[in-house]
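Asker: Below, each chain spelled out in residue letters.
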Amino acid sequence: QQQVKQSPQSLIVQKGGISIINCAYENTAFDYFPWYQQFPGKGPALLIAIRPDVSEKKEGRFTISFNKSAKQFSLHIMDSQPGDSATYFCAAVVGSGNTGKLIFGQGTTLQVKP
Amino acid sequence: NAGVTQTPKFRILKIGQSMTLQCAQDMNHNYMYWYRQDPGMGLKLIYYSVGAGITDKGEVPNGYNVSRSTTEDFPLRLELAAPSQTSVYFCATRTGNTGELFFGEGSRLTVL
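Sequence lines, in order, name chains A and B.
Oh and the first sequence: position 89 is 89 in this note's numbering, straight run, nothing missing.
Quick note: to get this note's numbering, add 1000 to the position in the second sequence (first position is 1).
Keep in mind the hints are simulated off the structure, nothing from the lab.
A virtual CB, placed ideally from N, CA and C, is assigned to each residue, including glycine.
Please note that the accuracy of each hint is not assured.
Claimed, not checked - DSS-like, lysine-lysine: derived pairs with alpha carbons at most 25 Å apart:
| id | chain 1 | residue 1 | chain 2 | residue 2 |
| --- | --- | --- | --- | --- |
| 1 | A | Lys5 | A | Lys68 |
| 2 | A | Lys58 | B | Lys1009 |
| 3 | B | Lys1044 | B | Lys1014 |
| 4 | A | Lys101 | B | Lys1044 |
| 5 | A | Lys71 | B | Lys1044 |
| 6 | B | Lys1057 | B | Lys1009 |
| 7 | B | Lys1014 | A | Lys5 |
| 8 | A | Lys101 | B | Lys1057 |
| 9 | A | Lys101 | A | Lys113 |
| 10 | B | Lys1009 | A | Lys5 |
| 11 | A | Lys5 | A | Lys101 |
| 12 | A | Lys15 | A | Lys57 |
| 13 | A | Lys71 | A | Lys58 |
| 14 | A | Lys113 | A | Lys42 |
| 15 | B | Lys1057 | B | Lys1044 |
| 16 | B | Lys1057 | A | Lys113 |
| 17 | A | Lys101 | A | Lys68 |
Claimed, not checked - What follows is a set of in silico ranges between Cβ atoms, one per label pair, in the way DEER data are often shown:
| id | chain 1 | residue 1 | chain 2 | residue 2 | range |
| --- | --- | --- | --- | --- | --- |
| 18 | B | Glu1079 | A | Thr28 | 23 to 29 Å |
| 19 | B | Asp1056 | A | Lys5 | 21 to 27 Å |
| 20 | A | Gln72 | B | Ala1082 | 35 to 41 Å |
| 21 | B | Pro1061 | A | Lys15 | 30 to 36 Å |
| 22 | B | Glu1059 | A | Asp53 | 34 to 40 Å |
| 23 | B | Glu1059 | A | Arg51 | 20 to 26 Å |
| 24 | A | Ala29 | B | Leu1112 | 27 to 33 Å |
| 25 | A | Thr28 | B | Lys1009 | 20 to 26 Å |
| 26 | A | Leu46 | B | Lys1009 | 47 to 53 Å |
| 27 | A | Ile18 | B | Lys1057 | 39 to 45 Å |
| 28 | A | Thr28 | B | Asn1030 | 25 to 31 Å |
| 29 | B | Glu1105 | A | Arg51 | 38 to 44 Å |
| 30 | A | Val54 | B | Met1019 | 25 to 31 Å |
To be verified - Covered stretches of chain A (chain B as the covering partner; in silico rule of three or more C-beta atoms under 8 Å from a C-beta of chain B):
| id | stretch |
| --- | --- |
| 31 | 38–51 |
| 32 | 102–114 |
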């Protein structure tokens, strides 16, 4: 119940295309869903996050879509650029305001070809 | 303002050796975490701390120990290293007001 399942494991997209990464969860107690971006040799960094009372959140080219009934959420990268090439992790948090622990998905390695 | 600093960045250990991975933060965050990252497995929580003097186990604590004597430092101890502990280890902090984690740059450990 604490798992977050992420797909695909790897993704290749042409420059200007749309990158889509999907995540699914089972624990309905999760109350915060962040996405992290990781470049080689670096630690992950927060990219964008959403709470379950919102169905969509957009920040620039990055959009999270959230489907509470299906217990799924996804990251869409519009107009993908070579600089977006990185590993992306979805995560879910129980109790984000206090002692919440993040449960991470398995990660998706995105390559954007020029 | 260095953020989260991890040392060493790279280390090779022999089976059965012990070592400590250091993590220091200057953001005055109460919450600190240790994760390990393995290819295709995501980030797995080893141990975490909600404040000085308080630690708790995560998903994969076996073979590790932690201590939290100050707000700033959260060392991770590996006792009797095994090849299964070959991984990249990340320390992270969090304020507690949001779910955002701030990660260090990682420590790559190889056990031979």
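Asker: For the pair supplied as a hint, lysine 71 of chain A and lysine 58 of chain A, is the alpha-carbon distance within the 25 Å limit?
Answerer: holds, 19 Å
Asker: Does the Cβ distance between glutamate 1059 of chain B and arginine 51 of chain A fall inside 20 to 26 Å?
Answerer: With a Cβ separation near 24 Å, glutamate 1059 of chain B and arginine 51 of chain A satisfy 20 to 26 Å, so the hint holds.
Asker: How does the stretch 102–114 of chain A fare against chain B when you require at least three residues with a CB closer than 8 Å, holds or violated?
Answerer: Coverage by chain B holds here, the residue count being 6 at a Cβ distance below 8 Å.
Asker: So if I understand the rule, the pair passes when the alpha-carbon distance is 25 Å or less; does lysine 5 of chain A with lysine 68 of chain A pass?
Answerer: holds, 15 Å
Asker: Starting from lysine 101 of chain A, check that the Cα of lysine 68 of chain A is at most 25 Å away, please.
Answerer: holds, 20 Å
Asker: Taken at face value, is the distance from the CA of lysine 5 of chain A to the CA of lysine 1009 of chain B at most 25 Å?
Answerer: violated, 29 Å
Asker: Measuring from beta carbon to beta carbon, are proline 1061 of chain B and lysine 15 of chain A in 30 to 36 Å?
Answerer: Once the Cβ atoms are compared, 43 Å apart, the range 30 to 36 Å for lysine 15 of chain A and proline 1061 of chain B is violated.
Asker: Just to be sure I understand the hint, the distance between the Cβ atoms of leucine 46 of chain A and lysine 1009 of chain B should be within 47 to 53 Å; is that true here?
Answerer: Given range 47 to 53 Å: violated, Cβ gap about 22 Å.
Asker: Assess, step by step, whether the Cα of lysine 15 of chain A is no farther than 25 Å from the Cα of lysine 57 of chain A, and give holds or violated.
Answerer: holds, 23 Å
Asker: Quick one, are lysine 1057 of chain B and lysine 113 of chain A close enough, alpha carbons at most 25 Å?
Answerer: Between lysine 1057 of chain B and lysine 113 of chain A the Cα gap is close to 41 Å, so the pair fails against 25 Å, i.e. violated.
Asker: Can you confirm whether the C-alpha distance between lysine 113 of chain A and lysine 42 of chain A stays at or below 25 Å?
Answerer: The hint holds at about 21 Å.
Asker: Would the hint linking lysine 58 of chain A and lysine 1009 of chain B be met if the CA-CA limit is 25 Å?
Answerer: Violated, at about 35 Å.
Hints 2, 7, 9, 10, 16, 18, 21, 22, 24, 25, 26, 29 and 30 from the list above are not met by this structure, while the remaining hints are.
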